[in-house]
Amino acid sequence: MVNISKKVILITGASDGIGKETALELAKMKPKMIIMACRESDKAKQAHQLVCEQYTGNNKQDIVLEFIDLADLSSIKDFVSRLGNNSTIIDILINNAGVILNEKRQTKDGFEMQFGTNYLGHFLLTELLLQKSMILLNESNPARIINLSSHAMLFGHIDFQDVNFEKRKYCSWKAYTQSKLANVMYANYLDNTHKGLIANSVHPGMVRTQFAKNSGMFHVLDVMFYPIFYLLSNSPIQGAQTTIYLASNPNITKGGMYFMNSKPFTLLNNKESQDEEIQQQLYIYSKNAVEEYLK
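Under the numbering used here, the residues of the sequence shown are numbered 1 to 295, in order.
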């Protein structure tokens with residue numbers, strides 16, 4: 001394992017599921033600090049208490065609960081400002097939070113909810129941290145960025161003419177796969193364009209969480225076939241293992257890869273995810289979309 005006793009780790013969506021298990025396991029490794037970035041809820045407060053209990057470091061105050069709404073760009077900017085006021089430097093950024101929905105919804109800023117939350121919110125968070133030098137680029141001791149994705153990204157396509165489904169009929173599956181592909185593309189873009197950091201993306205596998213509870217048919221199928229799903233799926237702690245591996249393993253010395261079961265997954269790929277021109281196009285689109293909050 002990497003000695004993370006001097007590392008500050010930021011995990012989004014750490015109130016439940018994979019994010020909470022990631023925080024619980026990393027807390028055992030005595031990091032300098034874990035920042036649990038969650039939407040405000042009793043569930044987040046309970047998760048924070050559990051991680052504090054698990055933490056084996058010297059000061060429970062080093063497990064910090066901060067509230068953020070990734071579907072609200074102003075909330076993201078306020079969150080980064082609070083961290084900046086405390087001179088916080090992030091060594092390991094885990095962009096874990098996500099949603100899956102059955103019907104069309106919009107973020108506070110008018111973006112399709114899955115794209116806006118799963119990808120664009122994390123894009124702004126990461127770009128602000130980089131812009132403000134709150135993620136230090138150090139080639140001898142690179143920062144790590146880990147984007148949670150899904151094999152759904154294999155079916156994804158970025159429709160730059162209608163990212164938010166304003167012209168075409170809404171399809172929740174297409175919206176979800178688009179958002180998860182964007183996460184992989186952005187990790188690859190970061191790794192290609194920034195020396196001094198290692199950026200990778202992760203497929204956690206099928207995981208038994210409440211992630212799909214708002215996804216309509218996906219949730220219905222989950223309930224109907226639960227015995228089969230249970231046998232084929234991972235527990236949240238199993239689903240968190242690849243993220244934990246990428247955050248803490250010293251053998252991770254390069255990025256731009258998509259991981260499953262703590263190994264690069266190369267059996268299948270999405271050509272868009274590997275296309276540097278499309279990565280650049282996504283970056284420009286995203287930067288323009290959140291430009292007001294990058295000033």
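Just so you know, these hints were derived from the structure itself, not from any lab.
Everything numeric in this text was worked out from a predicted model, so none of it was measured.
Think of the CB as a built atom: it goes at the ideal place given N, C-alpha and C, for glycine as much as any other residue.
Hints may contain errors.
Stated by the list, open to error - Only pairs whose alpha carbons sit at most 20 Å apart, straight line, appear in this in silico EDC-like list of lysine to aspartate or glutamate:
hint : residue 1 : residue 2
1    : K32       : E53
2    : K174      : D191
3    : K104      : D162
As the list claims (entries may be wrong) - FRET-style restraints, in silico, Cβ to Cβ:
hint : residue 1 : residue 2 : range
4    : K254      : K167      : 37 to 45 Å
5    : E277      : S140      : 28 to 36 Å
6    : G84       : K195      : 45 to 53 Å
7    : K104      : L50       : 18 to 26 Å
8    : S74       : K254      : 17 to 25 Å
9    : Q54       : N86       : 34 to 42 Å
**Q.** Range hint compliance [Cβ, E277 to S140, 28 to 36 Å]
**A.** Given range 28 to 36 Å: holds, Cβ gap about 31 Å.
Q) Straight-line Cα separation of K174 and D191 no greater than 20 Å? A) Given pair K174, D191 is violated - Cα atoms ~26 Å apart, limit 20 Å.
Q.
Just to be sure I understand the hint, the distance between the Cβ atoms of Q54 and N86 should be within 34 to 42 Å; is that true here?
A. 23 Å, violated
Q | Straight-line alpha-carbon gap K32 to E53, limit 20 Å | A | 15 Å, holds
Q: Starting from the hint 45 to 53 Å, judge whether the C-beta atoms of G84 and K195 obey it.
A: Given about 23 Å between the Cβ atoms, the range is violated.
Q) Within 37 to 45 Å or not, the Cβ separation of K254 and K167? A) Because 39 Å falls inside the window, the suggested range holds.
Q: Look at the Cβ atoms of S74 and K254 and judge whether their distance stays inside 17 to 25 Å.
A: Violated, since S74 and K254 (Cβ atoms, about 35 Å apart) do not stay within the stated range.
Q.
Against the 20 Å threshold, does the CA-CA distance of K104 and D162 hold or violate the hint?
A. Distance ~14 Å between K104 and D162 Cα, so the pair holds.
**Q.** K104 paired with L50, Cβ distance criterion 18 to 26 Å
**A.** The hinted range 18 to 26 Å is violated for K104 and L50, with Cβ atoms some 35 Å apart.
Violated hints for the displayed structure, listed by number in ascending order: 2, 6, 7, 8, 9.
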